[in-house]
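Engineer: Single-letter residue listing:
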Amino acid sequence: MEWLDLFAQIAGSAIRVSVPLLFACLAGLYSERAGVFDIGLEGKMLVGAFAAGTVAALTGSAWAGLIAAILASVFFALIHGFASITHRGNQIVSGVAINFIAAGLTAQLGETWFDIGGQTPQLPNEARFMGAPWPFAAELRNVPVIGQVYSQILSGQNILVYMAFLAVPLTWWLLYRTRFGLRLRAVGENPAAVDTAGISVPAMRYAAVTCCGVLCGFAGAYLAIAQGASFIENMTAGKGFIALAALIFAKWRPIPAMWACLLFGVLEAVANRLQGVPITGIGEVPVQLMQAVPYILTVFLLAGFIGHAVAPKAGGVPYVKEK
Amino acid sequence: MSGPSRELPRWVDIGLIPLVNLSAAFLVTGLVFLAIGESPVDSVIIMLNGAFGYGTGLGYTLFYTTNFIFTGLAFAVAFHAGLFNIGAEGQAYLGGLGVALVCLSLGFLPMVIIIPLAIIAAALFGAAWAFIPAFLQARRGSHVVITTIMFNFIASALMIYLLVSVLSPKGSMNPETRTFDPNAHLPLIHDVLAGLGIAAARSPLNLSFIWALVCAVAVWLLLWHTTLGYQLRVLGANPAAAAYAGMKPQRLIVIAMMISGGLAGFLALNEIMGASNRLLLQFTAGYGFVGIAVALMGRSHPFGIVLSALLFGALYQGGADLSFEKPTITRDMIVVVQGLIILFAGALEHMFRPQIARFFSSSWFKAKEA
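Chain order of the listed sequences is A and B. Following my numbering, the residues of the first sequence are numbered contiguously, the last one being 323. Following my numbering, the residues of the second sequence are numbered contiguously, the last one being 370.
In case anyone wonders, no lab produced these hints; they're calculated from the structure. Careful, some of the hints might be misleading.
Label pairs and their calculated CB-CB ranges [what the hints assert, rightly or not]:
1) B/L281 with A/L174: 41 to 47 angstroms
2) B/V166 with A/A203: 53 to 59 angstroms
3) B/T227 with A/L274: 51 to 57 angstroms
4) B/T226 with A/A237: 40 to 46 angstroms
5) A/A192 with B/G246: 28 to 34 angstroms
6) B/G37 with A/F7: 52 to 58 angstroms
7) B/S362 with A/A193: 57 to 63 angstroms
8) A/V285 with B/L281: 18 to 24 angstroms
In this text the structure is predicted, and so the values were computed from the model without any measurement. We put the beta carbon where it would ideally sit given N, CA and C, even for glycine.
If we strip away everything but chain A, and leave its shape as in the complex, we get (with noise of 0.2 angstroms):
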């Protein structure tokens, strides 16, 4: 019993901590998907995160606080967008400029406006996003299994939660059931084709970074205004470089990706219990050694160990178009 309680906390809280892996996995895809690689996905959740804190902060407000952050995302996968798509620089390059400046700019913004460290001021509770139990959550508690399933994993989360997840089947849906997702595909894997039935690739390719900047605008909003009460300075701390393992491990495609942020997810959740706390017959596992098993574990898919994890055939490259 007390087990199976356990279990479902660690359940719980491994599901909040895959939710911004999720978005900014998911936002990685659209971007990769289409060819354009993004190891900016750090630097957008940054600013979403900045915005977000800050304009739920000024104006009381967690959807305003949310349409900004993804309009400073989507701003900056833009920038990534006409470097990479407009001006054919290198995609790796610019997603480190992009990581730099994010990391910075919200530093210095958040002291020069608020002067409390470089954080956004502490939000109330009414300009997040909070979870509200669902009916009879808490008559369920005790109920073994379901009641547990039902009251501590299910119900009571904040909406962005339910929304990442939804935005894995839409995602799905949206790729390989639609004409758009074909061709965002296609233009990842033969430009030249899609160039020839007289599709535009670079229009293909800004549809897609858009996508990404706006999934990473959400990522970092349940960072600031969902998880927690305000943007702290790097406060996405790696995250956006777990997602984009998530995104390799689950090998670019949407359903596999959510198990492996949730796997990733399960791993930070169990780490952080673990912590100092001696497992019998092994003694204490080191906390460093649970957060870097996500990062081990994609060398090894890469290495070819666990499956083969091929990417986009025309991802990093440039489309030069035949004159």
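Got chain A sorted already, so can you dock chain B onto it with the hints?
Structural biologist: This is chain B only, laid out in the frame that chain A set:
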């Protein structure tokens, strides 16, 4: 490729275009300064003065320059071989472990023995950390960009574990090693100069600056005056041609990455053995990433890298002084400037090229030439 790679005079390609890109980056920086209510002109004066205006400032500028020379060279060597090593951060971190192990365990030896041992350890540990991604790229085709990112994080986790649980002295709560014995401190330049009877301002500038310049010359010799260097450049320019000419691409990939990792490891000589004299958390502080910008600005040529490292070093030190003088400006502003330089000089390097090319092929310019 058509369009941007039209023939331009050489001085335009390696001089004018980087300058134009840099100006664009500074222009946007100026706008950011205005946005936070500071005068860009005042700030530039404070920064220039902070970086070059007095002895200690100049010393710090050259100290930071040293870091950027190492990481810039590291990126450039791999880049010439067509490899994108963004793992300098992790490789330098591990290089620090190598340096620290030598300095902690062999601190009783005379300095003339410790220094070469530390140099070897820095190179070996950095190269070893680059070896795994290199091997995976060469043999299993996993892309080095992704694996080196992953290895940066693995290095970070490993080093936190080692510093918290293994290397910190018993009873200490600080995640850092004990201070090295005096024999294992790299001599500071102002002490060396004082020994020669020249008075110089105090700064953490140490002998690794000289070593950085030696490395720059060595990389130049390697790339343009040895068979190995030629092979690396052929591999980068045209892998198929390299294989066809009987070179061994898999072997070359591993060699290029290990040289790159070794150069990155030298960062630790400057930071750990030269300045802090003990192994610290996060001493790499993003220098590895900035190395990408340094190399791109310097057109991946050692001479250009030394110049652009000086630019970034001055920016770093000038920015530190600026944040000291003006409380409204934090050191994060320097991160913004670096990011803008990476964006304009790296990712957007072709942005102004068509206009500049059009200018040089215009009848007005030709008439002037004639």
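Engineer: State for each hint whether it applies.
Structural biologist: Hint check results:
Evaluation of the 41 to 47 angstroms hint for B/L281 and A/L174 yields a pass: the beta carbon distance comes to about 43 angstroms. In this structure the supplied range 53 to 59 angstroms holds for B/V166 paired with A/A203, their Cβ-Cβ distance being about 54 angstroms. The hinted window of 51 to 57 angstroms between B/T227 and A/L274 holds, with their beta carbons roughly 53 angstroms apart. Separation of B/T226 from A/A237 is about 43 angstroms and conforms to the stated range, judged on CB atoms against 40 to 46 angstroms.
Our hint of 28 to 34 angstroms for A/A192 and B/G246 holds, since their Cβ atoms are close to 33 angstroms apart. A beta carbon spacing of about 53 angstroms between B/G37 and A/F7 agrees with the range 52 to 58 angstroms that was offered as a hint. Checked against the hint of 57 to 63 angstroms, the pair B/S362 and A/A193 fails, with Cβ atoms roughly 38 angstroms apart. Between A/V285 and B/L281 the Cβ separation comes to about 21 angstroms, which falls inside the hinted range of 18 to 24 angstroms.
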